[in-house]
Amino acid sequence: MADSTHDGHASRRDFLTLTASAIGGVGAAAAVWPLISSMNPAKDTLALSTTEVDVASVQVGQRLTVTWRGHPVFIDHRPAEEVKAAQEVDISSLPDPQTDQSRVKKPEWLIVVGVCTHLGCIPLGQKGTDVRGEFGGWFCPCHGSQYDTSGRIRKGPAPKNLEVPPYAFTGDTKILIG
Amino acid sequence: MTAPASQNRLVRWIDHRLPIFTFINHELHEYPTPKNLNYWWNFGSLAGIMLVIMIATGIVLAMQYTPHATLAFDSVERIMRDVNWGWMIRYIHMNGASFFFIVTYIHIFRGLYFGSYKEPRELLWMLGVVILLLMMATAFMGYVLPWGQMSFWGATVITNLFSAIPGVGEHIVTWLWGGFAVDNPTLNRFFSLHYLLPFVIVGVVVLHLVALHTHGSNNPLGIDRKGPQDSIPFHPYYTAKDAFGIGVFLIIFCAFVFYAPNFLGDPANYIPANPLSTPEHIVPEWYFLPFYAILRSVPDKLVGVLLMFGAIAVLFILPWLDTSRVRSARFRPKYKWFFWLLLADCIALGYLGHQPPEGLMLILGRLATAYYFIHFLIIVPLLGIIERPLPLPTSISAAVLGKEKH
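Top to bottom, those sequences are chains A and B.
Reading the first sequence from the start, the letters are residues 1 to 178 in our numbering.
Reading the second sequence from the start, the letters are residues 1 to 406 in our numbering.
Keep in mind the hints are simulated off the structure, nothing from the lab.
Computed from a predicted model, the values in this text were never measured in an experiment.
In this text, a Cβ means the ideal position worked out from N, Cα and C, and glycines have one as well.
Do not take every clue at face value.
[To be verified] Here are the computed distance ranges between Cβ atoms for each label pair: (1) B:Val206 - A:Thr129: 40 to 48 Å; (2) A:Ile23 - B:Ala313: 32 to 40 Å; (3) B:Pro261 - A:Gln87: 50 to 58 Å; (4) B:Ala313 - A:Ser92: 18 to 26 Å; (5) B:Thr70 - A:Ser49: 17 to 25 Å; (6) B:His171 - A:Lys127: 27 to 35 Å; (7) A:Gln101 - B:Phe162: 30 to 38 Å; (8) A:Lys127 - B:Pro333: 32 to 40 Å; (9) B:Arg9 - A:Ser11: 32 to 40 Å; (10) A:Ser37 - B:Arg9: 52 to 60 Å; (11) A:Pro107 - B:Ala260: 51 to 59 Å; (12) B:Thr70 - A:Gln87: 43 to 51 Å; (13) A:Ser37 - B:Ser6: 50 to 58 Å; (14) A:Ser11 - B:Val303: 49 to 57 Å.
Generate the whole structure from the sequences, applying the supplied hints.
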């Protein structure tokens, strides 16, 4: 390479080699992008991303599971005392501080994605006979995370509260999730 | 190096143009090998045989299997019931994964005991760790393919590990799934990669062997060969010894395949996948249990994931963590005991990985996890400094012929 430099300065040939390699690299990266992008959710998968549900038949204290984007969504018709208890928790003591009010649209209806924020298991608590953990919400059997009646993480390895999906009440008891 | 003077003109004609016969003669026949290798040195060739068995059975299984969320489970049951010899081929492939890991783990602990990772075999060792990682990825994705409950929830838990990455974690998980949950796109890509990765393993195994044949095998004494008197040709001595080992190994393997084919598996995987119900007790296959125990023993998600991958990462840098220049534990009176302690710790982690992480089991899991890292990061570097090794024999030949007592 002795002839490619003059007095320690980069030559025109070095410049051409470097720019040609750089452009080649950018081109290769651009060609790889569609391959990587093809692995993201396809349009038909994205099209299935809303669920409509009528909760008129869900009694106070009952919990309903619906499917949204392949995940269960927990709908909890909470009794007034549970709502009050959830509202009165001192949020500075929580691993992921959120008020109960910020997690619901109507206080009696708690709607959360039923997927443990630790490693994606489905927590127990939807059936009346299920273990609900120390905080009366949900209990994840995989690694022992415990959620309260607002779906907030209280104990165990999960880092975050159960996710609140985007939803809207389209009628008194009609909910559109997604 | 000279070409074998073959009588056959065709062989000579080919070899002059493509020296394949010279190569085989050099690497598999006259290849000088330490004369004192014991049976722990059989496990490398056993791992190679397992790779061949897995690829052969896997290619045939792929001809009958359907990678679709609604059809996969039934197609595996069809293999078990209707396809000629399907039950046997699947049981060989299923148990083969376990036995591939058994021989590989023994192969790794052989390397740890006899210091096979030390200069000049650092890259040989690191390529081995790469093979281990590829094996783990392949085994994990293969386990998902039958689309049973453990397949589905194992895939969910393991892919969710990546959500621990700050910022981009969720996007990476969605990308891995090709959707918003483990579903058909996930199954499809796992099948594609499960078919690809074994051939990547073959490629890395070739590099592993090139590195091996550059300086030759380590040996139980851990000392370098000093001359031709310390070596014997690979063929017929080690081809025969390896063949004998394969015979013994296949007897044990067949005992499982034919008499206890589901002993190492989880019955929950014979229940079709249900995305709305997690089984009571999710456990990975036995060969992942020590890593699973490390993951679960840490209360923080990100740290747990980092430590789990860290358990493999420490193996990568082990050649530089070990400050002792003596390879074989035979001449390292202290290291020898810590080696057995590490083995016991790994077995304990495997046991704890199978227990629910509560109470005493959780505490023991934390202690065993801590000890695993203490071994590699503190004990191994310190031992090289404070330990006084025993005197090394002058040569392999002198030691094995009894001129020196060891």
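Quick rundown of the hints versus the structure:
Between B:Val206 and A:Thr129 the C-beta distance comes to about 57 Å, which lies outside the given range of 40 to 48 Å. For A:Ile23 paired with B:Ala313, a C-beta distance near 35 Å keeps the hint of 32 to 40 Å intact. Between B:Pro261 and A:Gln87, the C-beta spacing of about 56 Å keeps the proposed range 50 to 58 Å intact. Taking 18 to 26 Å as the suggested C-beta distance range, the pair B:Ala313 and A:Ser92 does not conform, at roughly 37 Å.
Our hint of 17 to 25 Å for B:Thr70 and A:Ser49 holds, since their Cβ atoms are close to 20 Å apart. For the hinted restraint 27 to 35 Å between B:His171 and A:Lys127, the CB-CB distance of approximately 33 Å keeps it satisfied. Checked against the hint of 30 to 38 Å, the C-beta distance between A:Gln101 and B:Phe162 comes to roughly 33 Å, which is consistent with it. A beta carbon spacing of about 60 Å between A:Lys127 and B:Pro333 contradicts the range 32 to 40 Å that was offered as a hint.
Separation of B:Arg9 from A:Ser11 is about 55 Å and departs from the stated range, judged on CB atoms against 32 to 40 Å. Here the CB-CB span from A:Ser37 to B:Arg9 is close to 57 Å, well matched to the stated 52 to 60 Å. Evaluation of the 51 to 59 Å hint for A:Pro107 and B:Ala260 yields a pass: the beta carbon distance comes to about 56 Å. Checked against the hint of 43 to 51 Å, the C-beta distance between B:Thr70 and A:Gln87 comes to roughly 44 Å, which is consistent with it.
A C-beta distance of roughly 55 Å is found between A:Ser37 and B:Ser6, which places it inside the suggested range of 50 to 58 Å. With their beta carbons about 51 Å apart, A:Ser11 and B:Val303 fall inside the hinted range of 49 to 57 Å.
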